[in-house]
Amino acid sequence: MRAFFKKDILVFCRDRKQVLIPLILPLILIIAMGFLLPNWMGNASSSIQVKVGYVVKDNVEAGLKKFEDSLATKGMSKDEVARLGMIAKDIHPTKLLNHVLADEQLTEMIIFTEMDEEEALLKLKAEEIHAIVTVPEGFTRNVVDRTLLGEGKGAAISLVAEDSTKEVTILQGMIGNFIRQLNTGAAILNVGAEHVKQGGMHGESSITVVGGMERIEGVDTITTSQYFTLSITLIFTLFAALSIASKAITEKREQVFQRILLSGSRPLSYLAGKMSSTFILSTVQLLLVFTVSQFALHVFSDFSLQFWIGFILLTLMLCFFIAAMSGLFTALMLRINADIATAICNACILALGILGGNFVPVYILPDSMQQLWEWTPNGLWLSSVVQWIQVQSWTVAVEGILGLAVFTFVTVALSVWIFPKRGRI
Amino acid sequence: MVPVFLAQWMKEKRSPYLVLIFCILSIVATLLFGSSTGMKIKVDAFPGEGLTAVEVEQWLDRLNEGGSFDFTLRSEEKALSDVKQGRSDMAVKLLKDDYRVISVMEGGNANWVQQHLQVIYTEQLKINAVAQHTNDAAQFRDSMKVYLEQPPLTLQSSKPTGEELQSYNMGLQMLFGFTLFLVMFTVGFKVNAVTAERVSGIWNRVILSPVTKTEMYFGHLTYSTLIGIFQITIIFVLFKYLLGYDLGVNFGLLFVISMLYIVSIVAMSMLFTGMFKTPEQFRAFFSSVVPIMPPLSGVYMPPGTITSEILLFIGQLFPIKHAMDALIGVSMYQQGWDDIYLPLAKLLLMTVIFFGVGINLVERRNG
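Chains as they are written, first to last, in the numbering used here: chain A, 1 to 425; chain B, 1001 to 1367.
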């Protein structure tokens, strides 16, 4: 078997392109992603900037003036008119809107520029701005009427955009929230006035601050870059296992395999040679990628020795499984037509990659598929490592290792069973 | 050209498994992803101490009102263990007049959900506070509802043309993404027949025959193109007529885009063929390079997720990006020729460059 092991390592190493591709591609990807997009999969709201053209067609002063005039015609007393006028000046919506938009937290995210309508439409077409927010004519008057007197139909702020991109959705959400708050306030003011007992309108001050983020105790947060490093390296190692196995096609075509049989060696030691060489190569590959990403990008910083021991044990077990997979692939290549075998193997890796959360994070997947996550070997490893990063409890690690051992055992048994028997080749 | 083409077809007839496997895989993958994704963000919620079942129901109703979130009630253990195992990115604990967002993963949607909860809770608490001071709380709530049917302020979203601003159909994007992604494999492995024939000596024997070089290439490339188009057509037809996806009205345009995309993938595979000596090397390279193209081009993510200029530029280098742009434009926004000629032109340009360099490399290796 040792001769076969040496042969496979040599075959792999002589083909420099093939050694370098699975090693370098994940590194390039991880480094590119790490540098370019610290939060590439999350809602990195800090990196989003919504550029908005702000068109005001409304004349606030005139609106307020008209409102006061209309009060006078209704035969209200001078004091009453003055009081409502003051309130209207205080709450008039354009001011509130400006106030919301000028909020410091938001100015980083949203850039408002006041412009006239034509200019805004031109800029929208040229994609210089994401959306136009328009305050229509008679806006102040209508809103104040509806808010203070409960008359009229209110008014609508209009938002114009080409498509509903993420930026537009954020803007919609923001303005929507603002409108909601204002409407509720107005409703309470109007309806409350009828229902609330005398002197009972001081309720608002009693609202305490609610909400907050909470962490589960003893659980560390896993970062996107950690998840990404783990998942992308894993899928590349699986593809590397396939490429080692597909050397069997060359060996079948050039009748290396027949000559091996004629030499009197046991066919299964050929298979064992494939598996052991894959084990060594995948271990080197995984550890190298993790080491480089650790030292170049500090992906796994601040972890204890215990963490690293558990992590390496889990990874070694994964390498055993990957070795078994390459054995299974080899057996398939020898047993059936090489093209079909390659198609099956590729489809198998792709399916595992999708289900195991290697292409997209698993929480994006539908519920039914999430349940399958831990039933795929790569998903099991990923989930175990994620939990190991969060809580370093040995039960998690041992469960992961045992589960992977079962997968490895089944795969090895399957590949020995599929592997052509004596006299069948 | 015809004999070469027929030879490929005979091979296919004898073992059609490769095409079948990838067809089935792409249908299954799109079904699984497309069926549920939507744009709703799913959040698990569980009740904390001091909350009755009725109150929990009320809060959930209120939280789900907006339509962009889907809060579901789970047991505390289940919700927390899902968060711990990384299966969901957050859970919400409902308390009496208060809430907590529990999350262990960075990024994700936690901030969004937090914002949404904040608005709904503050509003509800304000109303509750006032209701305490009224004589008849139920009547107060009813009048509130009546008043809010005609609120002082509303938001109207529209396109510049005055049409309604549609929400983005993520399921459709996933359908296109997976179809284009998996068809790359079929086409690539078919073009690989060129390398396989060179290795097995068939290529040289055909060169000796009266068939010209151009015909040989044409035979192979037309065959790969047709197989690719065949796969895409089957999937689109299945989704349109069997599953009722709305692919827009312009089927002809969709067909043209798919065809140009397939031709560009054939050209890309030709380039790779020129870079490698054996079909195994080609496969190894192809299957490790192809899966990284869609994520780099942002195919699995809602538009606008990738903001880095450099990454956006890298995404431009792959045909899948332009084909996605054109397909989404035509089916979702009803765009016509004028709007999508740019992505199509880019696809054509890529095709020309890939073919030029690729065939040159193949010939150089031969000589």
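Quick caveat, the hints were computed from the structure, so don't treat them as lab data. C-beta atoms are modelled at their ideal positions from N, C-alpha and C, and glycine is treated no differently. Be a bit skeptical, because a hint or two may be false.
[What the hints assert, rightly or not] Quick list of simulated restraints, FRET-style, between CB atoms: (1) E1163(B) with D90(A): 15 to 25 Å; (2) W375(A) with G1048(B): 27 to 37 Å; (3) E1363(B) with L297(A): 39 to 49 Å; (4) L1342(B) with H298(A): 34 to 44 Å; (5) V11(A) with M1275(B): 13 to 23 Å; (6) T1072(B) with K66(A): 23 to 33 Å; (7) E1309(B) with S301(A): 40 to 50 Å; (8) K1145(B) with N98(A): 23 to 33 Å; (9) S301(A) with W1337(B): 46 to 56 Å; (10) L1342(B) with I336(A): 51 to 61 Å; (11) Q255(A) with P1016(B): 51 to 61 Å; (12) L288(A) with K1159(B): 21 to 31 Å; (13) T395(A) with P1016(B): 25 to 35 Å.
Status of the hints after comparison with the structure:
Checked against the hint of 15 to 25 Å, the pair E1163(B) and D90(A) fails, with Cβ atoms roughly 38 Å apart. Checking the proposed 27 to 37 Å range against W375(A) and G1048(B) shows it holds: the Cβ atoms sit about 32 Å from each other. The supplied range of 39 to 49 Å is met by E1363(B) and L297(A), whose beta-carbon atoms lie about 42 Å from each other. Distance hint for L1342(B) and H298(A): a CB-CB separation of about 41 Å, consistent with the stated range 34 to 44 Å.
Remark: the range hint 13 to 23 Å for V11(A) to M1275(B) is upheld by a beta-carbon distance near 20 Å. For the pair T1072(B) and K66(A), the beta carbons lie near 49 Å from each other, so the given range of 23 to 33 Å is not met. Remark: the range hint 40 to 50 Å for E1309(B) to S301(A) is contradicted by a beta-carbon distance near 28 Å. Roughly 30 Å separates the CB atoms of K1145(B) and N98(A), a value that falls within the hinted 23 to 33 Å.
Range check, S301(A) to W1337(B): about 53 Å between beta-carbon atoms, so the 46 to 56 Å window is met. Evaluation of the 51 to 61 Å hint for L1342(B) and I336(A) yields a failure: the beta carbon distance comes to about 45 Å. The supplied range of 51 to 61 Å is broken by Q255(A) and P1016(B), whose beta-carbon atoms lie about 28 Å from each other. In this structure, L288(A) and K1159(B) break the distance hint of 21 to 31 Å, their C-beta atoms being roughly 51 Å apart.
Look at T395(A) against P1016(B): about 48 Å separates their beta carbons, and that is not inside 25 to 35 Å.
Of the numbered hints listed earlier, those contradicted by the structure are 1, 6, 7, 10, 11, 12 and 13.
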